[in-house]
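Okay, here's what each chain looks like letter by letter:
2 protein chains.
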Amino acid sequence: MNYCNQCGASVIRSIPEGDHLPRFVCSECHSIHYENPRIIAGCIPELDNKILLCRRAIEPKYGLWTLPAGFMENNETTLLAATRETMEEANITLESPSLFSIFSIPHISQVYMFYRGTINSAITGPGTESLEIALFSEAEIPWNDLAFPVVSETLKLYFEHQHNHDATFNGAIIKTNDQLITRFY
Amino acid sequence: MNYCNQCGASVIRSIPEGDHLPRFVCSECHSIHYENPRIIAGCIPELDNKILLCRRAIEPKYGLWTLPAGFMENNETTLLAATRETMEEANITLESPSLFSIFSIPHISQVYMFYRGTINSAITGPGTESLEIALFSEAEIPWNDLAFPVVSETLKLYFEHQHNHDATFNGAIIKTNDQLITRFY
Numbered sequence: 001m002n003y004c005n006q007c008g009a010s011v012i013r014s015i016p017e018g019d020h021l022p023r024f025v026c027s028e029c030h031s032i033h034y035e036n037p038r039i040i041a042g043c044i045p046e047l048d049n050k051i052l053l054c055r056r057a058i059e060p061k062y063g064l065w066t067l068p069a070g071f072m073e074n075n076e077t078t079l080l081a082a083t084r085e086t087m088e089e090a091n092i093t094l095e096s097p098s099l100f101s102i103f104s105i106p107h108i109s110q111v112y113m114f115y116r117g118t119i120n121s122a123i124t125g126p127g128t129e130s131l132e133i134a135l136f137s138e139a140e141i142p143w144n145d146l147a148f149p150v151v152s153e154t155l156k157l158y159f160e161h162q163h164n165h166d167a168t169f170n171g172a173i174i175k176t177n178d179q180l181i182t183r184f185y
Numbered sequence: 186m187n188y189c190n191q192c193g194a195s196v197i198r199s200i201p202e203g204d205h206l207p208r209f210v211c212s213e214c215h216s217i218h219y220e221n222p223r224i225i226a227g228c229i230p231e232l233d234n235k236i237l238l239c240r241r242a243i244e245p246k247y248g249l250w251t252l253p254a255g256f257m258e259n260n261e262t263t264l265l266a267a268t269r270e271t272m273e274e275a276n277i278t279l280e281s282p283s284l285f286s287i288f289s290i291p292h293i294s295q296v297y298m299f300y301r302g303t304i305n306s307a308i309t310g311p312g313t314e315s316l317e318i319a320l321f322s323e324a325e326i327p328w329n330d331l332a333f334p335v336v337s338e339t340l341k342l343y344f345e346h347q348h349n350h351d352a353t354f355n356g357a358i359i360k361t362n363d364q365l366i367t368r369f370y
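In order, the protein sequence lines correspond to chains A and B. The first sequence begins at 1 in the numbering used here and counts up one residue at a time. The second sequence begins at 186 in the numbering used here and counts up one residue at a time.
No lab work stands behind these hints: they were computed from the structure. All residues carry an ideal CB built from backbone N, CA and C; glycine is no exception. Any given hint might turn out to be false.
To give an idea of the chain B side of the interface with chain A (calculated C-beta under 7 angstroms), a few residues [stated by the list, open to error]:
| # | residue |
| --- | --- |
| 1 | M186 |
| 2 | G255 |
| 3 | F256 |
| 4 | S294 |
Straight-line alpha carbon distances no greater than 25 angstroms define the calculated SDA-like cross-link-like pairs of lysine to any residue that follow [unchecked claim]:
| # | chain 1 | residue 1 | chain 2 | residue 2 |
| --- | --- | --- | --- | --- |
| 5 | B | K246 | A | H20 |
| 6 | A | K156 | A | F136 |
| 7 | A | K61 | B | T303 |
| 8 | B | K246 | A | K61 |
| 9 | A | K156 | A | P142 |
| 10 | B | K235 | B | T303 |
| 11 | B | K246 | A | I15 |
| 12 | A | K61 | B | L342 |
| 13 | B | K246 | A | L21 |
| 14 | B | K246 | A | E35 |
| 15 | A | K61 | B | K235 |
| 16 | A | K61 | B | Y219 |
| 17 | A | K156 | A | E138 |
| 18 | A | K61 | B | N234 |
| 19 | B | K246 | A | D19 |
| 20 | A | K61 | B | I217 |
| 21 | A | K61 | B | L206 |
| 22 | B | K246 | A | N75 |
| 23 | B | K246 | A | P16 |
| 24 | B | K246 | A | E17 |
| 25 | B | K246 | A | I32 |
| 26 | A | K50 | A | D145 |
| 27 | A | K61 | A | G125 |
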């Protein structure tokens, strides 16, 4: 950040009075420009013991597989963000999605939230941000061609829970970076 | 937003190619300036069937009572944000905080996360953002002097669960605005 988005003057990095962290502060109008983590919301689409993945048609990680997910927008809920992204990337809807996992990734200032739910629409083909979509059993997951570590981690935890818990599992796994904080059953 | 924070030129509101929402886009360097929801993380500090609240020493809602909470910063986890804010506002630490509630408030583009946990430090006095701190039983909660609706809602849900569930309750309540999506037990 070089310039104030309010008045166009230069910003300087300084700790505002009463604050404890350096911020970008306008040298003219003294506006403080805070920067905060972003939420990435997505879904784990389930059907007949398989999971739907999308092959990315955009950078980063063009051509690799991922769960449908994307940045939460202003004026929506976490659930709406997750289902909107799933519709945009995979053209599907889910029945009663429930929160499965929350990951904090502090070094990139992101918080991931994944909802799980059964696909309840026809699978017609990929959205514009995906090259293709496909259903994978646990044995078929393309582990070496997944786009992001958080997707691998989420899928590993998902299948671990499939093995260890019955269909009544309804909970959230809260992770922060590489430390498991809490599991809810 | 009036000016590009990268090059200082004017921004215009337009839908970038491949996008579906209007963004602030620089008229010169064409940088796209996304705006996303912010996370507010906080705690429900418990001690002897009472909850610690803080009376706000800052605007908005100066003088009203709240749970310790604040904006999550870059490069921290949701848990760290919650416990940092609790230290800053109430000078206390909690034993093994666990996520209790997540609220999406779309009309102000905020997502609240509250962790519950037992106070395991001495209660010495308020932090600089609080006028005073105090412990309240359910009957003593100053319902008419709470700072924010999300605090009232969280406390109501908290006490409801205290009545309906025993001490083994360990779960999260996921709310979006005024619709209860999911409860985990």
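Legend entry - Straight-line alpha-carbon gap B:K246 to A:I32, limit 25 angstroms: Given pair B:K246, A:I32 holds - Cα atoms ~20 angstroms apart, limit 25 angstroms.
Legend entry - B:K246 paired with A:K61 [C-alpha distance capped at 25 angstroms]: Roughly 45 angstroms separates the two Cα atoms, so the pair is violated.
Legend entry - Straight-line alpha-carbon gap B:K246 to A:P16, limit 25 angstroms: Between B:K246 and A:P16 the Cα gap is close to 21 angstroms, so the pair holds against 25 angstroms.
Inset, instruction - Double-check B:S294 for me: the hint is only fine if its C-beta lies closer than 7 angstroms to a C-beta in chain A. - result: holds (4 angstroms)
Legend entry - Given hint A:N75 paired with B:K246 - CA-CA distance at most 25 angstroms: The given pair, whose Cα atoms are some 23 angstroms apart, holds under the 25 angstroms limit.
Legend entry - 25 angstroms limit on alpha-carbon distance, applied to hinted pair A:K50 and A:D145: holds (17 angstroms)
Legend entry - Restraint check for A:K156 with A:F136, where alpha carbons must lie at most 25 angstroms apart: holds (13 angstroms)
Inset, instruction - Assess, step by step, whether the Cα of A:K61 is no farther than 25 angstroms from the Cα of B:T303, and give holds or violated. - result: violated (43 angstroms)
Inset, instruction - Mind checking the CB of B:F256 against every CB in chain A and telling me if the closest is under 7 angstroms? - result: holds (6 angstroms)
Legend entry - A:K61 paired with B:K235 [C-alpha distance capped at 25 angstroms]: Answer violated: A:K61 to B:K235 is near 50 angstroms, above 25 angstroms.
Inset, instruction - Measure nothing beyond the straight line between the CA atoms of B:K246 and A:H20; if it is 25 angstroms or shorter, mark the hint as holding. - result: Holds, at about 21 angstroms.
Legend entry - Distance restraint between B:K246 and A:D19, which requires alpha-carbon spacing of 25 angstroms or less: holds (18 angstroms)
Consistency with the previously given hints fails for numbers 2, 7, 8, 12, 15, 18, ordered from lowest to highest.
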